[in-house]
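Chemist: Chains as they are written, first to last, in UniProt numbering: chain B, 1 to 411; chain D, 1 to 411; chain H, 1 to 411; chain F, 1 to 411.
Check each hint, because a few of them may be wrong.
The list treats identical chains as one, so a pair stands whether inside a single copy or across any two.
Unchecked claim - Taking lysine-lysine and the BS3-like style, the derived pairs with C-alpha atoms no more than 25 Å apart in a straight line are:
no., residue 1, residue 2
1, Lys128, Lys404
2, Lys128, Lys57
3, Lys128, Lys252
4, Lys299, Lys404
5, Lys183, Lys159
6, Lys159, Lys404
7, Lys252, Lys123
8, Lys295, Lys128
9, Lys252, Lys197
10, Lys295, Lys197
11, Lys252, Lys183
12, Lys404, Lys57
13, Lys197, Lys299
14, Lys57, Lys159
15, Lys295, Lys334
16, Lys17, Lys334
17, Lys252, Lys57
18, Lys404, Lys295
19, Lys17, Lys404
20, Lys123, Lys299
It should be emphasised that the hints constitute simulated quantities derived from the structure, not laboratory data.
Number of protein chains: 4
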Amino acid sequence: MDFNHSPASQAALARLKAFMTERVLPVESQLLDINRTLNAGGDWTRWSLIPEIEALKTEAREAGLWNLFLPDAELGQGLSCTDYAPLAEETGRVLFAPEIFNCNAPDTGNMEVLYHFGSEQQKEQWLKPLLNGDIRSVFCMTEPEVASSDATNMQATIKEDGESLVLNGRKWWSTGLGHPNAKVAIFMGLSNPEAPKHAQHAMVLVPLDATGVEIERMLTANGDYDAPYGHGEVSFNNVRVPRENLIWDLGKGFAIAQGRLGPGRIHHCMRAIGAAERALELAVQRGLSRVAFGKPLVKLGGNAERIADARMMIDQARLLTLNAAWKIDTVGVKNAMTEISAIKVVVPNMLQQVADMAIQMHGGAGVSHDTPLASFAAAARMLRLADGPDEVHRHMVARLEIAKHLPEGRA
Amino acid sequence: MDFNHSPASQAALARLKAFMTERVLPVESQLLDINRTLNAGGDWTRWSLIPEIEALKTEAREAGLWNLFLPDAELGQGLSCTDYAPLAEETGRVLFAPEIFNCNAPDTGNMEVLYHFGSEQQKEQWLKPLLNGDIRSVFCMTEPEVASSDATNMQATIKEDGESLVLNGRKWWSTGLGHPNAKVAIFMGLSNPEAPKHAQHAMVLVPLDATGVEIERMLTANGDYDAPYGHGEVSFNNVRVPRENLIWDLGKGFAIAQGRLGPGRIHHCMRAIGAAERALELAVQRGLSRVAFGKPLVKLGGNAERIADARMMIDQARLLTLNAAWKIDTVGVKNAMTEISAIKVVVPNMLQQVADMAIQMHGGAGVSHDTPLASFAAAARMLRLADGPDEVHRHMVARLEIAKHLPEGRA
Amino acid sequence: MDFNHSPASQAALARLKAFMTERVLPVESQLLDINRTLNAGGDWTRWSLIPEIEALKTEAREAGLWNLFLPDAELGQGLSCTDYAPLAEETGRVLFAPEIFNCNAPDTGNMEVLYHFGSEQQKEQWLKPLLNGDIRSVFCMTEPEVASSDATNMQATIKEDGESLVLNGRKWWSTGLGHPNAKVAIFMGLSNPEAPKHAQHAMVLVPLDATGVEIERMLTANGDYDAPYGHGEVSFNNVRVPRENLIWDLGKGFAIAQGRLGPGRIHHCMRAIGAAERALELAVQRGLSRVAFGKPLVKLGGNAERIADARMMIDQARLLTLNAAWKIDTVGVKNAMTEISAIKVVVPNMLQQVADMAIQMHGGAGVSHDTPLASFAAAARMLRLADGPDEVHRHMVARLEIAKHLPEGRA
Amino acid sequence: MDFNHSPASQAALARLKAFMTERVLPVESQLLDINRTLNAGGDWTRWSLIPEIEALKTEAREAGLWNLFLPDAELGQGLSCTDYAPLAEETGRVLFAPEIFNCNAPDTGNMEVLYHFGSEQQKEQWLKPLLNGDIRSVFCMTEPEVASSDATNMQATIKEDGESLVLNGRKWWSTGLGHPNAKVAIFMGLSNPEAPKHAQHAMVLVPLDATGVEIERMLTANGDYDAPYGHGEVSFNNVRVPRENLIWDLGKGFAIAQGRLGPGRIHHCMRAIGAAERALELAVQRGLSRVAFGKPLVKLGGNAERIADARMMIDQARLLTLNAAWKIDTVGVKNAMTEISAIKVVVPNMLQQVADMAIQMHGGAGVSHDTPLASFAAAARMLRLADGPDEVHRHMVARLEIAKHLPEGRA
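Sequences and hints are given; from them, build the entire structure.
Modeler: Shown next as structure tokens:
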């Protein structure tokens, strides 16, 4: 039993921390202000890039802090899921940091899909510019008309028509759809409705300028459009793409999704842990510097206990996530289903509580844009729904727990 | 012991419910959409009125549903705090409804201050247009530089200079400051710094166009500017107002505040209870209409238990608030301190939980602007800080509880 | 709306409080010590009465503090459910107090059954000595072999055989079965298995010395036999009783149970609220008198907040229970199902939390028999299972909430 | 990063699990019944050994499953704190199992004290028979008259008088004091009241038959005397022991205590985790075998979610504890203060919740002695107070967290 990270992980983390401290944190507040002015309101057609972010991307790439998430030693940095975990945590401290290192969702997941399941042509056309950070991508899975917590509810369709595939359906919560550089979507739909339940779907690459792709609107998430990424609602009306845009094969949608989601949840969770650490730091600093009733806030009432609770929740959540990452690396996603579902429940709920505590310690400043706390709380709230709500993951953990007590095969 | 509302209260409630059902709820979504487009972003100088809201105000006034909060039979509707409580609950169901009935904070509190403590001239100049709904007002108490949970931290000053008062200081979270009709502020500051702790402050009326009043910016609250009301940060630099703008007297700031806050907390809490009832209704309706894994959501996992928990929390919170209102009416604010502080803690926390549950039942729709749920959650979060954070009110309840066991006078 | 208790209730409460203060509380600790020595261990055949308790019963009866629970003006004190509620609360402050006033479960519920549904002969034979406090009774419903949360699981049988009824089955958690004065049981079993689900059962009076009644053992409840009452497991093997022992009629078991449970839950809950008030008082007193790190415990960390939380939980639970009592009195049990189930969930959970907090404030003394706190916590734990577990009552509340949104009749 | 246990640990665990499965679990219920009859009531002078336990001790010793807790390769099994952790977990599944392997508190802690700080003579006289399991020992620290959460409140005294030490004071919660084999106490008291705060105390070995040692009574813990161990209250009246009974030196009491407590908390916590795993297993098994409303309980309402929550809480608590053990092994107790205090808060609270859930799933059986669940819940409740209450440990975690943000040395 050894809780130390590998030397490669530690070395990369040291460099990443230095970059965050020297280049990102000092401009955090300024860049958020610029964005708030530049990209106000829900009219995504007017959203624009933040030049300062683009410059930081170039710097990060030059510093070798690029595509850290990808285990491939050539295309990424050769870091395992466990190795990358503390780096993802570090990037989670600042809302816009992951993009600077080309490590932001949903692009990371989409790149993983292409890396593992894409054809050579698909890699050349889409993976390459994504790895370069030249374009952005979206993932079109959730639908407004059905409870998407049950993925088999999906209504969108993919039909073969000669050498083409014809897509129809309506999707929402396609994060990143409003980004000026968003160029391609991975679209999931019913391709083989007669097949067994988990072999009915396919994933197809769709250029966002294809005929029949209609961006309907951007959705606010807890009151914020999250520009210039955005959460889009988009309809696909007889969208025709060549068959080579199909990823892997018809009926493979769920198989691809499963491979995509394991590491992705580690990334999400570790970033959330980084946000929670940041929130706790801010809470302690505010609690030390503000005085009420003659004492710094940390000395008043239950404030110190709440700080302790935050520390204990964060440390538990981190260990749970690292253990899940280690299981993915050592025994594979399929043998780590309890662990992966468990962190999906535990970590966002933890962040929601820690951010809420930190907000309370800040008073009005906590809910304002003067701190990242309200954004952290909003992100936590979203994460409790994204990639399956708490309830679905609790159910998975329960099912596997109960199965231990059933005769083989009755799970 | 009788849990029935008075006939006057029941009659007014019936009319109010009819108005809400027929005139407000059908246009809720449309008006919110209009507002989102019309008043996007934080540049308050471009915010504008929603004509449809103005029209509804006229209708409500004609229907006798106007100034319901004011116990005065002539200026208001002669309803006691207890009588008004269920009406406040009803208006809490729709975010913008209170203004339609001229019952929105902070105007209600400001009107109460003028009604109880204002001079005839002040009533004529400010109370009258406020009661008419022609202007809006703000309350300038909280300051950015100090922990305002301890009101004695206040740094703003009010100095006598001949027949003038000279005001200096910086305030924030002045809700309504961005509203096109906002014309006057009640400014609280140190007037008698040498006096005993609760006799050091005064409240002064300040026209918002007075020289030296500088609106610095609007703050987001949980990501939203809450336009066209807004939460403003405003500086007062040697603002000079005539002495007749002083409310009551120098040193009376805390005495006024105490009188203002009792009924105000009932109003806030009852509105929050209305929001919680609405959230619960939406949760049940969504839970019945959406199907996952072959069943409506209300039949899945712990969803029904969460609905039950919401019902039990809401009913307890309502009874606690009604009891507090009844104590204000029968024994006065000073003898209802435990009750008033208790609801200030219990109700916003309850709403935060119920809204969170309802969001979760809705999936992505819950955090979007397609439902009022994210706004309810954000409002609950704000209420846990506004008018004293949870911690201050818990401390008050504890202090009074402990005092029961101390020799007289050692509380 | 009026939160004052009726004059009759207030007068009785004043006398009861005086009796508790002067006669019961001063000997509480001594009587518990006597009982612990006299009635140690699980051999119920050696359990004996506490003479001091018997003497207090006589005193209470002479003081007119007897059968307070019974609304009948002649047999009881003519107090409504709402009137009796604060009296039940008062008796809940001391574990053995309810028996002193002949107001202890399950005798109160059994007396109510006989009062409402018993024949004249049954009243003469059993209700009279119960009202006199000369005998004790038990209620045999729960069974060890099935999940009794679903009452339709019941396996015990009642068969007609000429002028006799023949009973078979095994029951447990028959509280009071070990008491030296326990003379009669109300036995519930399947009498009409072919009838509709809620018309299959009957209730029958069984003298405990009838042939075939076998007391198998006493069960510990959270480590305690609760002597000299006890929680018994008892088998009925071809127990033959005359048909006149049948209460009301065959198939009426559920109808009787429903009538029995409404007021009974008010009683249980109000006693639990009394226990919670006592626990809070003890917590504050301990917190004021013990010093650590230079301060009384109430000034340390979150202790004051926890005291406030207890006050707020208790007050909410009491209002919810009083409202339920008022609904029983004004619209009847059948129209107060949400309220009755809600208090059954809320109040025991509240007591469990408040007692836990008070234990923590006491340190080791809190879990010891030097305070009633561990007993309160154990009682709360039992109450979360007795008369239907939390889950069943949450389900009832949810079902009725959801039904509001269903077309008539689909609940 | 490697979450696998060492080969030595895994091998020992496999043998221990086999012993538990084959020799302990099959007789668990029978031995608890024997004990309940044999050792009923609080008269400790009549408590006696359970011969079956003594026989199992012999077997365990012969199987090499003896003194597993002691890192010494000769006297124990050479297992590090981390290595021993999963073994402690396994023994925690059955209440009386730790003693079978000579791994029960407080003997383990006392043996560690003698092992690290005892003189050769002390080791010969007391450590040897303790390691043989021939005698039992107690630890006398907590006092009834003061808040022992603040150890500096201690009032007991140790005075030098020639070659003797004279002890005075009253202690309680001396666990094991009622055991027939209890022969010696480690007594902690003020020896150097003028010294700095953490150098004022000493620890002294006191034979329980020394003149002036008076066992006053056994205390119930949550209603149970925990015979034949017991929790004793004991007075020391001018108890005179030779100076060679002093452990280490005068003024070293706190230094010894600190060394004693680190591994001890790992042991306590891992046993609690074992109890929680057992409780969860029982809950699932009950939930699968009992049927209500036509379904097994695990399919009803929120039961499956609660099972999932238990799994997630247990896994997090275990990882936190293993990490703390690893830090003790790698960087020492002094550098693992956050971790050691964190598990002391997290784990007992987790067990309390999991046991409570499992009780609820069992209905009445859950609170009875038919399952170990009520005992687990009671043990968890005790653990939240023993060795420092939650509040003290939360305070420690908070203090160290806050110190990270203070200038060096201001912690």
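Chemist: With 25 Å as the alpha-carbon cut-off, assign the pair Lys128 and Lys404 to within, between, both or neither.
Modeler: neither (44 Å within a copy, 43 Å between copies)
Chemist: With 25 Å as the alpha-carbon cut-off, assign the pair Lys252 and Lys183 to within, between, both or neither.
Modeler: Within one copy, since 23 Å is at most 25 Å while 63 Å is not.
Chemist: Between Lys57 and Lys159, at a C-alpha cutoff of 25 Å, which is it: within one copy, between copies, both, or neither?
Modeler: neither (39 Å within a copy, 53 Å between copies)
Chemist: With 25 Å as the alpha-carbon cut-off, assign the pair Lys17 and Lys334 to within, between, both or neither.
Modeler: Neither. Shortest intra-copy (33 Å) and inter-copy (27 Å) distances fail the 25 Å Cα cut-off.
Chemist: Treating 25 Å as the Cα threshold, decide for Lys295 and Lys128: within, between, both or neither.
Modeler: Close neither inside one copy (56 Å) nor across copies (43 Å); limit 25 Å.
Chemist: Tell me, please, which holds for Lys197 and Lys299 at an alpha-carbon limit of 25 Å: within, between, both or neither?
Modeler: between (57 Å within a copy, 22 Å between copies)
Chemist: Reference check for the pair Lys404 and Lys295, CA-CA at most 25 Å: within, between, both, or neither?
Modeler: between (53 Å within a copy, 19 Å between copies)
Chemist: Is it within a copy, between copies, both, or neither that the alpha carbon of Lys295 lies no farther than 25 Å from that of Lys197?
Modeler: Intra 61 Å, inter 17 Å, cutoff 25 Å: inter-copy only.
Chemist: Cα distance capped at 25 Å. Does Lys17 pair with Lys404 within a copy, between copies, both, or neither?
Modeler: Cα proximity of Lys17 and Lys404: across copies only (18 Å, versus 42 Å in one copy).
Chemist: First find the shortest C-alpha distance between Lys128 and Lys57 inside one copy, then the shortest across copies, and answer within, between, both or neither for a cut-off of 25 Å.
Modeler: within (16 Å within a copy, 58 Å between copies)
Chemist: For the identical chains here, do Lys252 and Lys123 meet the 25 Å Cα criterion within one copy, between copies, both, or neither?
Modeler: within (18 Å within a copy, 69 Å between copies)
Chemist: Checking Lys252 and Lys57: alpha-carbon separation at most 25 Å within a copy, between copies, both or neither?
Modeler: neither (34 Å within a copy, 57 Å between copies)
Hints 1, 6, 8, 12, 14, 15, 16, 17, 20 from the list above are not met by this structure, while the remaining hints are.
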